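Novice: Sequence:
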Amino acid sequence: MKGNGKSTAAGALILMAGGLIGVGMALLYAPQTGKKTRRQLMRYADRTKNEAGTMLREITEGINESVEDLTEWTSDLMGKGSEATEDWKKYLVEAIERSEKNLDKQKQKLLKIIR
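Start counting at 1 in the sequence shown, then tack on 354, and there's your number in this note's numbering.
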């Protein structure tokens, strides 16, 4: 299950609340015995409870998948950052060494001119 977990949960709650209100109103105005009405309400409550449990499991799985994806992405990024840092360190050391060699060459030329 992909997507925004908050909006999915909110949608599920609104759907269940609307369903409960609709069924409750229909049962209250239906011409049947109280025993039959209570039995229908219990069945509907059980069905709603099962559906809510399923939705909760799906939302939890979605959140867990998102956390796993984020963890993997962060690990990859950290690994790449570490590799990039090592590459930059090597590049910087090489650049400094080249600069030192060039500076030394320029120093030698300057000393020849001064003498």
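What the hints contain is simulated information worked out from the structure, not anything from laboratory work.
Computed from a prediction, not measured in an experiment: that's the story for all the values here.
Glycine residues also receive a C-beta, built at the ideal position from the N, C-alpha and C atoms.
Careful: at least some of the hints might be erroneous.
Only pairs whose alpha carbons sit at most 30 Å apart, straight line, appear in this in silico DSSO-like list of lysine-lysine [unchecked claim]: (1) 444 <-> 434; (2) 443 <-> 455; (3) 466 <-> 444.
Here are the computed distance ranges between Cβ atoms for each label pair [to be verified]: (4) 421 <-> 377: 53 to 63 Å; (5) 459 <-> 428: 42 to 52 Å; (6) 386 <-> 421: 29 to 39 Å; (7) 383 <-> 428: 16 to 26 Å; (8) 428 <-> 460: 43 to 53 Å; (9) 395 <-> 434: 28 to 38 Å; (10) 458 <-> 425: 24 to 34 Å.
Novice: Each hint: holds or not?
Specialist: Results of checking the hints against the structure:
For the suggested pair residue 444 and residue 434, the alpha carbons sit about 15 Å apart, so the restraint of at most 30 Å is met. For a cut-off of 30 Å, the pair hint linking residue 443 to residue 455 stands: about 18 Å separates their Cα positions. Annotation: proposed proximity of residue 466 to residue 444 is violated, straight-line Cα distance about 33 Å (limit 30 Å). About 36 Å separates the C-beta atoms of residue 421 and residue 377, a value inconsistent with the hinted range of 53 to 63 Å.
With their beta carbons about 46 Å apart, residue 459 and residue 428 fall inside the hinted range of 42 to 52 Å. For residue 386 and residue 421, the hinted distance range of 29 to 39 Å is not satisfied, since their beta carbons lie about 48 Å from each other. As the Cβ distance of residue 383 to residue 428 is approximately 56 Å, the hint placing it in 16 to 26 Å is violated. In this structure the hint that residue 428 and residue 460 lie 43 to 53 Å apart at CB holds, the actual value being about 46 Å.
At about 57 Å, the CB distance of residue 395 to residue 434 disagrees with the hint of 28 to 38 Å. Distance hint check for residue 458 and residue 425: the Cβ-Cβ separation is about 49 Å, which falls outside the suggested range of 24 to 34 Å.
Hints 3, 4, 6, 7, 9, 10 from the list above are not met by this structure, while the remaining hints are.
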